[in-house]
Amino acid sequence: MSESTRERVFKKLTHAVDLGDEELAAEGANEALAEEVPPYDAIIHGLAEGMKLVGDKYERKEYFLPDMLLSADAMYAGLNILTPHIPKDASRSKGKIILGVVEGDVHDIGKNIVKVMLTASGYEVIDLGRDVPTPEFIEKAKSEGAQVIAMSTLMTPTLMSMQDVEQSLDKEGMKGKVRTIIGGGSVSEEWRERIGSDAYGKDATEAVSKIKTLIDTIIATAESMKEEDGSS
Amino acid sequence: MEAAQALGVDISTLCAGKGTCGKCKIRVMGEATTRLERTESEMKHLSEDEVQAGIRLACLTRLGESTVIYVPLRSRVGSQRLQTEGLDVPVEPSPLVRKYRVTMPKPQLQDSRADEDRLLAALTEQYGLPELGVDFDVYRNLPVTLREADWEATAVVWGNRIIALEPGDTSDRCYGLAVDVGTTKIAGFLLDLRSGAVVGVAARMNPQIPFGEDIMSRVTRVMMGGWDAVNELQGAVISGVNEIIEECCEKADVKPEEIYELNFVGNTVMQLLFLGVWPRHVAFAPYTPAGRRGVDVKASTLGLRANPGANAHHLPVIGGFVGADNVAVVLASKMLESDEMVMAIDVGTNTEIDLGNKDLVMADSCASGPAFEGMEIKFGMRATTGSIEKISIDPDTFDVYYRTIGDASPIGICGSGLVDAPAEFLKTGLIMPRGNFVTEMTERTDRLRKGLNGWEFVIAWKKETEIDTDIVITLGDIRELQKAKGAIHTGADLLMQRMGVTDESISKLVVAGAFGNYIDPENARIIGMYPEIPLERIEFAGNLAGTGARMTLMSAEMREYAEEISSKVKYYELAADKDFQKEYINSLYFPHADLTKYPETVELLRRFGQKI
Chain R
1 MSESTRERVF KKLTHAVDLG DEELAAEGAN EALAEEVPPY DAIIHGLAEG MKLVGDKYER
61 KEYFLPDMLL SADAMYAGLN ILTPHIPKDA SRSKGKIILG VVEGDVHDIG KNIVKVMLTA
121 SGYEVIDLGR DVPTPEFIEK AKSEGAQVIA MSTLMTPTLM SMQDVEQSLD KEGMKGKVRT
181 IIGGGSVSEE WRERIGSDAY GKDATEAVSK IKTLIDTIIA TAESMKEEDG SS
Chain Y
1001 MEAAQALGVD ISTLCAGKGT CGKCKIRVMG EATTRLERTE SEMKHLSEDE VQAGIRLACL
1061 TRLGESTVIY VPLRSRVGSQ RLQTEGLDVP VEPSPLVRKY RVTMPKPQLQ DSRADEDRLL
1121 AALTEQYGLP ELGVDFDVYR NLPVTLREAD WEATAVVWGN RIIALEPGDT SDRCYGLAVD
1181 VGTTKIAGFL LDLRSGAVVG VAARMNPQIP FGEDIMSRVT RVMMGGWDAV NELQGAVISG
1241 VNEIIEECCE KADVKPEEIY ELNFVGNTVM QLLFLGVWPR HVAFAPYTPA GRRGVDVKAS
1301 TLGLRANPGA NAHHLPVIGG FVGADNVAVV LASKMLESDE MVMAIDVGTN TEIDLGNKDL
1361 VMADSCASGP AFEGMEIKFG MRATTGSIEK ISIDPDTFDV YYRTIGDASP IGICGSGLVD
1421 APAEFLKTGL IMPRGNFVTE MTERTDRLRK GLNGWEFVIA WKKETEIDTD IVITLGDIRE
1481 LQKAKGAIHT GADLLMQRMG VTDESISKLV VAGAFGNYID PENARIIGMY PEIPLERIEF
1541 AGNLAGTGAR MTLMSAEMRE YAEEISSKVK YYELAADKDF QKEYINSLYF PHADLTKYPE
1601 TVELLRRFGQ KI
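Chains as they are written, first to last, in our numbering: chain R, 1 to 232; chain Y, 1001 to 1612.
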């Protein structure tokens, strides 16, 4: 497999996601397998690159929700073909994220887009859906050993449910161990500060970059603790 | 000109078609341009450029064959903008409050009946009334009132109770107030309860706005502030209503004490905040209201300025997001009495949609947002003087014709203009159905440009405006409008799908709401705000909730009917529909992702030369 083959396949996948063309994405994914491009690379440098492009265009308003969802479909089409071929030990999940719309709210289009972007970026996403009771966030985070809880709401009164989750984490002594990020129509940086959440993502693109920072911090903290343990 | 009149297009003319005023300029499209001869008098009114562009005077142009004519906005007759109170639907007056002038014999040693018995007996004798109850406040003063009145008094009867007793004969003065308590605006109507005539109208911004622009942020305020916040919010809205009472009374020369009955409509959250009920649960899935039925409470308990015995009624609600205002809309539109299918859309920040006939009416609600009220739009504004309310774009030159309220220099764009803009963009090929600007069009017009915050189109150049800057529509604005119209369409479409109703079977579409009166029905349809229903079946009804509030103030039967509506109309929860997301996404397109739903619009766009 030559470098140019790799590049060609990546470009095709990126282009397919950008266009929202499911068939082209599937074609590109099959080509990657045929040309023995490592499926994980095809996802990261092909599909995810496409989603990044789409996310940027969405931010500039050049793409809108329908475009976003078409691209998501294309990405999943490629992902479904490539994922089964990733060797078990090499399924380098970058981190595990619990995602859901908080208790009392059922608006989930935004959350679904965040899910797509996170999946595209190589994270393992456990989607709890909408109107998720506070205890479920906590229990799932525990049982799955997730690093991040990501919560969304469009409505204002349900902002309080985010506060409930933060308080429960505190009670359970999980604060700091599990990081939180909030987003959605009614959410703001001020609200994040008020309820003591770890991050706020104003849109799907920002959510992904902030989650990356959160997880990097967790890893760095863990490593520095290991070092301290070693030196003492 | 005659052809235009026959088609129902009003072209302005001052000279009655003599070819002298030059107000009726039209553009003849396509090849026919060159084949139609101009007369001398016509040439006077046309510049060289206009002749080149195929401009004619409508009154002097004879059409020999099927021809496409473009009528610029400036040549159209604009309907005068009125502060509308909503359609007037007359009802037979049968108010819940009635006045009875009554005389009683003075007590004597031979006739020492109790004052109360004396009054009730006289009412039975003189009016055949059954034995009534007496409000405690009336009862306490009864001995004094009757004696001071020298045994001639007027009893104010609500239902089967005497709620007030006035000395002498006041039977010719009996008033009631109907109020539409909107999230943003409160509108009050003072009615003479004997005739049903509206004697005073007043409106205020809802004083709750500082506590939160939308109902949800007000509920949040309550959740953070507890019962103090409930009282604060209730106090705010009551003070707003009291101001309306004062203004109406002053206009009509009526004393607040002469108001004996008040009737309120509003969405379910406003109902709770008006009555002072804990509102949290209506804001959380599954959005349950506190009570569905209508509520009667003494106006004085709520702190309303009216007769101390006056009754305040809040009409029943339907569900968490379909309130008493919608009961009033269903009532006033008479859809539950109709043999044919009727659809009603009450456009607001939350848009309620009703569909049905005498057999079944279903209602849903969608969060259409405040875009059509001018919010979240770069140059958006409310419909006041200086707002652009009508926009038309020349398909060849891309010149923009607009009209402002009060003919003032423009300062922004209001809802009806915000409906026109995307429709005109679509017709002239400036945007694609998915809402993006066709960037190649920069070659044909400098109005389309990439601004600091992305793509935008200039509606009014800086030199024309009052605000020293170009008034533009941005790509971000178009996205907001797509979301708003998409939500409304989704609400309408899913109701139709679930009830198995097609466009053709809808006999009437009633568009209500503050800006409903002024929007261009065809442009609203081109952008896909509602299904493609024949234009002649679309009716604009203005503040129909206010109409319903007046009807249920004037008539006890109508009030009973409101209870029936509340229990009969079936609430449909859009959020629970499995196709919601899919339909919403499809509805974001102009007019829709599935163009087979809009054959007429597609044909129109093709006529304009758009490849769709």
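Simulated from the structure, these hints should not be mistaken for lab results. Treat the hints loosely; a few may be bogus.
List time: in silico DSSO-like cross-link candidates among lysine-lysine, alpha-carbon distance up to 27 angstroms [unchecked claim]:
hint: 1; chain 1: R; residue 1: K61; chain 2: Y; residue 2: K1251
hint: 2; chain 1: R; residue 1: K212; chain 2: Y; residue 2: K1462
hint: 3; chain 1: R; residue 1: K61; chain 2: Y; residue 2: K1483
hint: 4; chain 1: Y; residue 1: K1450; chain 2: R; residue 2: K202
hint: 5; chain 1: Y; residue 1: K1462; chain 2: R; residue 2: K52
hint: 6; chain 1: R; residue 1: K226; chain 2: R; residue 2: K52
Hint by hint, here is what the structure shows:
no. : hint             : result
1   : R:K61 - Y:K1251  : violated (50 angstroms)
2   : R:K212 - Y:K1462 : violated (45 angstroms)
3   : R:K61 - Y:K1483  : holds (13 angstroms)
4   : Y:K1450 - R:K202 : holds (24 angstroms)
5   : Y:K1462 - R:K52  : violated (37 angstroms)
6   : R:K226 - R:K52   : violated (34 angstroms)
Taken one by one, the earlier hints fail for this structure at numbers 1, 2, 5 and 6, listed in ascending order.
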